[in-house]
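Listed below, chain by chain, are the residues.
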Amino acid sequence: MVENFELSPDKLYRKCDPDQLGFRDTSEIKETVNIVGQDRASKAIDLGMNISYSGYNIFVLGPTGMGKRKIVEDFFKEKAKSDPTPSDWIYVNDFDNPDKPDAIELPPGIGTQYQKDIEELIEEMQTAMSAAFESEEYQNRRQAVFESFKENQSQLFNELQEKANKQNLAMIKTPSGIAFAPKDEEGVMDAEEVNKLTEEDREEIKENIEDLQGQLQNILQQVPTWQREAQEEIKKLNKEMANFAIGGLINELIEKYEDYEEIVSHTKQIQDQVIENADAFLPNNGGEPTSFLEAISQRGDAQTSLMERFKVNVIVDNSDSEGAPVIFENNPTYANLIGKVEHFAQMGTLRTDFRMIKPGAMHRANGGYLILDARKVLTQPYSWEGLKRALQSKELEIESLGQALSLISTVSLRPEAIPLDLKIALVGDRMLYYLLLQYDPEFSDLFKVEADFETEIEWNESNQQLYAKLIASIINEEKTNIFDSSAVARLIEQNARIANDTERLNTRMQDLRELIVESDYWAKQNNRDTVTKSDVQKAIDAKIKRADRLREKIQESILRDINLISTKGEEVGQINGLSVYALGNFMFGKPTRITAQISLGKGQVVDIEREVEMGGPIHSKGVLILGGFLKGRYAQDVPLSLSASLVFEQSYGGVDGDSASSTELYALLSRIAEVPLKQNLAVTGSVNQLGQIQPIGGVNEKIEGFYDICKMRGLTGDQGVLIPKANVKHLMLRQDVIDSVKAGKFHVYPVEHIDEGIRILTGTEAGELQEDGTYPEGTINALVKETLEKMANRLTEFGKGKGNQSE
Amino acid sequence: MSEKHQPICVKRILVSLDTSTHSFSALKAAVELAHHYEAKLKGLFIQDTALLRLAETQLFYEIGEYTAISRKITVDGLTHSMIAQSRRIMRVFQKLVDQTGVEGEFRVLDGSVDEVIDHESKKCDLLVIGKTGTNPMKRPRLGSTARALIHLGKKSILLVEEDANLGYPIFVLFEDSSLSWTSLETARELMGPGEKLTVLLEESPIEEFTNMKEKIRDWAKEKKINISFQSFKAETFGRFIQKIKLAKTGLFILPYMLSPLYKVLVEKYLKEISLPILLVQQSE
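Residue numbers (this note's numbering), protein chains in the order written: chain G, 365 to 1171; chain R, 59 to 342.
Keep in mind that a hint or two might mislead.
As the list claims (entries may be wrong) - Residues from chain R shown here face chain G by an in silico Cβ test under 10 Å; the list is partial:
1. S78
2. T79
3. E114
4. W277
5. N284
6. I285
Unchecked claim - Derived contacts from chain G toward chain R, CB cut-off under 8 Å, selection only:
7. L411
8. I415
9. P539
10. A543
11. A545
12. D554
13. V558
14. Q577
15. L584
16. Q585
17. V1092
Keep in mind that the hints were calculated from the coordinates and are not lab data.
For every residue, glycine included, the Cβ atom is placed at its ideal position computed from N, Cα and C.
Sequences are here, hints too, so could you generate the full structure?
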């Protein structure tokens, strides 16, 4: 044990004093706080939200679970309250180009009102038109037209009949035409009777028949013209009746909407259409369809299909909105974002019209704010392209993917584009933001504002108060039981632990929210109305327990001596390193045996991990630094004539990071000096070429990892961990570790330099360089230098011997 | 008096069919009546042998009704056309019969139209025919066959014009004869609940008119039906006909045997009426 260096228990944890919080429980906190320590991001969102120039959309970046979406949504909602309510948008049929429906902008609420009015108009028109066409006036006038047509026809036929009679000829109807035949007093003559006639008589009859046939042909040729004329007349009559029947209804509507030019124009078009297609309103005979084809044509009954075309499709309805909309689209597929044109199946074919146009999130958010998850937008096919296209063109053009990619060549709709004016906030992680910035040249033009969220804030008194309020706000929001001050203090401490820093607090809202909800659960399990510190601790422990299957397995293999770790005794060239494993959000430490071997060589330190490509570049760098340290300290007079190899024993996965470089150096020095290292200690920390110990990550987990093994084997009282001094401020250790330290059963040594560490590990002074360039006898440095010099000499001797042999 | 008189008894209806629109209206009316009387319906298509004989002459050419093209008629061609026509008519007949559940049969016979109908009508109680056949001339509204049958006057006949439908109002031309009472009874039987029967009565001589009116009123009271009277003089009958001239739905019932005055009136105006006309004859 090296008492002088050891950290006192109070340095191992920063407590949050519940009394300093200023409340007994969270019910006393009335102020709502939704955001803590996000000053930079807040200012960015504020700028993006208020600046009206194009391209000032916001990319909210930060790790997941920060509550970014909620925060940006709150900002937007607050601003939206004072923004004007955007317009309604409707689609109506373009009667000249039915495949290009017209978009009409209307003040909020007018869209649905007009839709309702048109529905009523359609109903009233049907009644009015039926009444008009069933009226006696119409029926009589129509009949008169037909009568006049028939009169014309029959008059000519009568004249022809009379002529025929005079010539003793009968006019006869055959199955497909009309014929003339000779007759006498008894009626039409048959072939036999005709044959009895003289040649002259027959010739005369033939001539007469030919003459009458010519006249009949003339009459029949005129029939279609008369029919056409009669039809025209009927059509004119129909239009007149229709105009009269619906004129009043239409004028009423035009008067109501006189301020909206496009509506007036649409209403007039409806009037024209009804008049033009008045025939569709004629009462039909209501017969049952006799064939499949007839059934289809009746299904698309002319009147219904005409009326359907008058309807109004309200694509954006802001009748109930106050202020601007704030929309979050959770499933930003291309269609959900841009809108789509749906189809309906009819007799095996797909059909569509303007009524099947469906809005997307951008329609609903137009004039307001849209929040999207960047990752989802990017992973949905063509959503990102569609979003950018709309933002660039500043208009929303609904186009199916099939059309956009020219995959479908059938006729579909191309609705008129709608002007787009909205703010978009894309919420995503930093990696996505920087990748987009790097690889999408249009991105920076469209998302000019980055709102970068801090993952931690300083743990000072004012932030601690703010944090407590944030906790209280979440408690209110989640409607959990109230938390007493000790529970809040424990939550704050735990968030410092998550931040791995005694001076910082984690701002990842998801962690905090989960812990609050789970603590509440445990309080309720224990029938407590108020959540206490023990409930929070239970929640923390339970969460760790749920995640630590792998840690248990590893610990088990160490305890069963499958994974060889010594926690007592001394060994030359062997040391306990510490590594950290991360499984999702759960991190844990594990001791690893590191060994060193040396031989004569050319001053190389071989990293076995690197040789087998199991070591990452940072690890290799750390090992190369060791060579630098050895050369700098011991090879100023003689060449470094050793070859050393270092290995993480029983490591079957990859190794990276330089946090074990000091550990490796200790093992190497032990091996060179032939001085044993204490196995009851574990070491972490990186080292530079000057031998200074530098901070590492995961210090708490590493200490706890070694502590757990020692504890399971039985604490001997001299066990402990060497950590970089710079990591002391990061210590937020578990209570059981602190308790053991308090009891003198476990120790944490902060180390600044390699010389301090080697002293603790060997019990032997490192030894300072003396003026004559030597180290005091018996010190580690002296032993190392001595060995290295011997090795240099041996190598020289070996070289000479080889030279003689060759001679 | 009315007690002695019964409506016409209709058990078998014969409808003569061709491809004209009049004929189709006649078929619809016949099916309705068959349904009403629960009578058997016989559809008849006649392959006119007179036409076939004509086709044997070298003089026989026809002018296409729509195309106005002149072409020679052959016996074969004509026969095939007639068969096609008969099949078409049979399909329509069968469809209507099936829809209404009426018991019906369809026959195709050869012969002279007038003779065949005359012969076949002997086996039925009511004959239904289109007012005008396939004659291209839409007027006069009484075709030769119809006229011939009326003259024969052996059976009750229903004459139906194109697009006309059986229905209401029902008019009955009344003179104080036994057949007039049969007509009234027949009208009563065909009336729907709540409907009103209009009786046409000649005004002069006034005593006779009042007398008849009284008798009919008593009859109506006894039978519990609504009636109204439409009085006319011989010279104003035309005016009444003008009023109902264009009506296409309803029924005009008149007795077959009429006094000479009425006969003149009926012959003059019958062709003007578009409503279905039922000429009532005493059942044999």
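Verification of the hints:
1. S78: OK, holds: S78(R) within 10 Å of chain G, min 9 Å.
2. T79: Result: violated, 12 Å to nearest chain G Cβ.
3. E114: Given a least distance of 4 Å, the restraint on E114(R) holds.
4. W277: violated (32 Å)
5. N284: Because about 23 Å separates N284(R) from the closest Cβ in chain G, which is outside the 10 Å limit, the hint is violated.
6. I285: violated (24 Å)
7. L411: violated (77 Å)
8. I415: violated (75 Å)
9. P539: Holds, about 4 Å.
10. A543: Since the shortest Cβ distance to chain R is 4 Å, the answer is holds.
11. A545: holds (5 Å)
12. D554: holds (4 Å)
13. V558: Cβ of V558(G) sits 5 Å from chain R, so the hint holds.
14. Q577: holds (6 Å)
15. L584: holds (4 Å)
16. Q585: holds (5 Å)
17. V1092: Violated - the Cβ of V1092(G) stays beyond 8 Å from chain R, reaching only about 100 Å at its closest.
Consistency note: the structure conflicts with the earlier hints numbered 2, 4, 5, 6, 7, 8, 17.
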